[in-house]
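Add chain L to chain R, keeping to what the hints say.
Each protein sequence line maps, in turn, to chains R and L.
When you line the first sequence up against our numbering, it's residues 1 to 143, in that order.
When you line the second sequence up against our numbering, it's residues 1001 to 1107, in that order.
Please keep in mind that the hints were generated in silico from the structure rather than gathered at the bench.
It cannot be assumed that every hint is accurate.
[To be verified] In silico SDA-like links for lysine to any residue, alpha-carbon gap of 25 Å or less: (1) Lys40(R) to Asp1100(L); (2) Lys23(R) to Gly59(R); (3) Lys40(R) to Met1087(L); (4) Lys1103(L) to Gln30(R); (5) Lys44(R) to Asp1096(L); (6) Lys1103(L) to Pro20(R); (7) Lys44(R) to Glu14(R); (8) Lys72(R) to Arg1104(L); (9) Lys23(R) to Asn71(R); (10) Lys1048(L) to Ser1093(L); (11) Lys1057(L) to Thr1084(L); (12) Lys1103(L) to Gly55(R); (13) Lys44(R) to Ser1093(L); (14) Lys1103(L) to Val12(R); (15) Lys23(R) to Arg1094(L); (16) Lys1103(L) to Glu22(R); (17) Lys23(R) to Leu1101(L); (18) Lys1103(L) to Thr94(R); (19) Lys1048(L) to Arg1038(L); (20) Lys72(R) to Ser1071(L); (21) Lys1103(L) to Thr1084(L); (22) Lys40(R) to Trp1091(L).
[Claimed, not checked] Across the chosen pairs, the derived CB separations fall in these ranges: (23) Glu1029(L) to Lys44(R): 53 to 63 Å; (24) Glu1029(L) to Arg107(R): 35 to 45 Å; (25) Gln30(R) to Phe1090(L): 18 to 28 Å.
Glycine included, C-beta positions come from ideal geometry on N, C-alpha and C.
These are the residues of each chain, in order.
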Amino acid sequence: MSKQAAETLAVVVERDFAFPPEKLWRALTQPHLIEAWLMKNDFKPVVGHHFNLSGDWGGVLDCEVLAIEPNKALSYTWNFVNDDPAYNLRSVVTFTLTPTSGGTRLRMEQAGFRADQKQAYGGAKFGWQKFLENLAQVLARAD
Amino acid sequence: MATAHDMLFRTLADPTRRAIFERLCREGEQTVAALTARSGVSQPAVSKHLGILKQAKLVRYRHEGRERHYSAQLNALAPLIDWTSRMTGFWQSRFDQLEDLLKRMDQ
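With the rest of the complex left out, here is chain R (with noise of 0.2 Å):
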């Protein structure tokens, strides 16, 4: 996988949760907690692993841990690979845990680009979400 989060369509979530990052590890890491709030999976804790997230709405997610530092991140693929481009997607998603005074700050991060689209990214010298950002004040200021 290259490096080239810089280049990519990011989205990213952030939450305050009022429960220790200890806690959250373990939702974010145990299958049947992760069923519970995420997707049905096979996930286990280990870098390399191979597994799948099935969504209720049919598809399958295929995904690879890439990275793991308990209580702190945890980073894996989130591919879904499909016949049509446009649904086609090749992303990575990093969570990363922040103690805070009252509990955890969590901030999911899901940086990507569709399979069909990686020649025209990586040409890309200027952020995606940079980009967004920027639009978005933009389009804010045109209300």
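Structure of chain L alone, referenced to chain R:
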């Protein structure tokens, strides 16, 4: 639909082109000459980029005298914004479920 996506992504993958588009978004309608003055590339190059942006329906122009005035067409970006807003919505709802789960879990 896939073709429209492709064109949009390919068009905006070029940094110079994206810079031109961003300027039009930020500063409003401009002539080719005005865009060239601050772009660091030649006028023919700017015109070429504008032509590609126009094909992707990201810009349009109107004639005033002998000059073309270009403006950004923000609605052409909808597919791009849709992807990120869809995924953001997905994760927000999953985080809601995570919060419910954490409340139910033993310490």
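Structure-based check of each hint:
1. Lys40(R) to Asp1100(L): holds (17 Å)
2. Lys23(R) to Gly59(R): With Cα atoms ~28 Å apart, Lys23(R) and Gly59(R) exceed 25 Å; violated.
3. Lys40(R) to Met1087(L): holds (18 Å)
4. Lys1103(L) to Gln30(R): Holds - the C-alpha atoms of Gln30(R) and Lys1103(L) are around 16 Å apart, at most 25 Å.
5. Lys44(R) to Asp1096(L): holds (23 Å)
6. Lys1103(L) to Pro20(R): holds (12 Å)
7. Lys44(R) to Glu14(R): holds (24 Å)
8. Lys72(R) to Arg1104(L): holds (22 Å)
9. Lys23(R) to Asn71(R): holds (8 Å)
10. Lys1048(L) to Ser1093(L): violated (43 Å)
11. Lys1057(L) to Thr1084(L): holds (20 Å)
12. Lys1103(L) to Gly55(R): It holds: about 23 Å lies between the C-alpha atoms, which stays within 25 Å.
13. Lys44(R) to Ser1093(L): holds (24 Å)
14. Lys1103(L) to Val12(R): holds (24 Å)
15. Lys23(R) to Arg1094(L): holds (16 Å)
16. Lys1103(L) to Glu22(R): Given pair Lys1103(L), Glu22(R) holds - Cα atoms ~14 Å apart, limit 25 Å.
17. Lys23(R) to Leu1101(L): Satisfied, since the Cα-Cα distance of roughly 11 Å is no more than 25 Å.
18. Lys1103(L) to Thr94(R): Holds, at about 23 Å.
19. Lys1048(L) to Arg1038(L): Given that 25 Å is the threshold and the Cα spacing comes to 16 Å, the pair holds.
20. Lys72(R) to Ser1071(L): violated (46 Å)
21. Lys1103(L) to Thr1084(L): violated (29 Å)
22. Lys40(R) to Trp1091(L): Satisfied, since the Cα-Cα distance of roughly 16 Å is no more than 25 Å.
23. Glu1029(L) to Lys44(R): 53 to 63 Å: holds (56 Å)
24. Glu1029(L) to Arg107(R): 35 to 45 Å: Given range 35 to 45 Å: holds, Cβ gap about 39 Å.
25. Gln30(R) to Phe1090(L): 18 to 28 Å: holds (21 Å)
Comparing the model with each earlier hint shows violations of hints 2, 10, 20 and 21; every other hint is respected.
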